[in-house]
Amino acid sequence: MTTIADFTVTTNRGESLDLADKLGNVLLVVNTASKCGFTPQYDGLEKLYQQFKGKGFEVLGFPCNQFGAQEPGSADEIAEFCKVNFGVTFPLMAKIDVNGDNASPLFDWMKKEAKGLMGSTSIKWNFTKFLIDREGNVVKRYAPTDKPEAIARDIEKLL
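In my numbering, the protein residues as written are 602 to 760.
Note that these hints are calculated values from the structure, not bench results.
Cut-off 25 Å, straight-line C-alpha distance, at most; resulting in silico cross-link-like pairs (SDA-like, lysine to any residue):
{"no.": "1", "residue 1": "636", "residue 2": "744"}
{"no.": "2", "residue 1": "748", "residue 2": "669"}
{"no.": "3", "residue 1": "713", "residue 2": "759"}
{"no.": "4", "residue 1": "741", "residue 2": "649"}
{"no.": "5", "residue 1": "636", "residue 2": "688"}
{"no.": "6", "residue 1": "684", "residue 2": "746"}
{"no.": "7", "residue 1": "748", "residue 2": "635"}
{"no.": "8", "residue 1": "656", "residue 2": "608"}
{"no.": "9", "residue 1": "716", "residue 2": "626"}
{"no.": "10", "residue 1": "725", "residue 2": "755"}
{"no.": "11", "residue 1": "713", "residue 2": "669"}
{"no.": "12", "residue 1": "741", "residue 2": "700"}
{"no.": "13", "residue 1": "636", "residue 2": "614"}
{"no.": "14", "residue 1": "758", "residue 2": "746"}
{"no.": "15", "residue 1": "713", "residue 2": "726"}
{"no.": "16", "residue 1": "684", "residue 2": "635"}
{"no.": "17", "residue 1": "648", "residue 2": "740"}
{"no.": "18", "residue 1": "725", "residue 2": "747"}
{"no.": "19", "residue 1": "656", "residue 2": "609"}
{"no.": "20", "residue 1": "758", "residue 2": "657"}
{"no.": "21", "residue 1": "713", "residue 2": "745"}
{"no.": "22", "residue 1": "648", "residue 2": "739"}
{"no.": "23", "residue 1": "684", "residue 2": "639"}
Use the sequences and the hints to build the structure in full.
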């Protein structure tokens with residue numbers, strides 16, 4: 602059975618990150634963008650991270666430019682924007698695609714594990730969120746309209 606431990610991603614510094622190293626933690630994996638109507642969710646994501654990081658919780662942000670070209674910056678520009686405007690300290694990854702032929706294998710797997718509305722596997726917009734349990738399984742998918750603070754109870758249950 603596939604889990605998040607079967608994937609390696611690239612950080613925004615260009616380093617490989619073996620997600621097997623994240624087993625034992627609860628993760629919230631999010632495709633993000635800096636010029637989106639949902640961009641203020643960075644604030645809520647950082648608050649969740651600060652609230653639960655001492656209990657084995659982590660947010661992983663994956664910038665994506667597939668929706669309205671709302672993430673045009675370089676890795677450094679994205680990181681600076683997130684830090685200056687929202688105080689983001691959770692890990693940001695390299696920019697990825699979440700749909701289509703060049704989609705990240707991690708996101709392809711998560712989309713199949715937790716389908717969207719009416720069984721859809723595609724991601725509809727920025728700030729789609731996936732909750733992963735300590736064993737590396739996808740527990741739930743959240744729509745871009747689901748605010749991070751609304752996910753806190755689900756995170757607490759897994760911690």
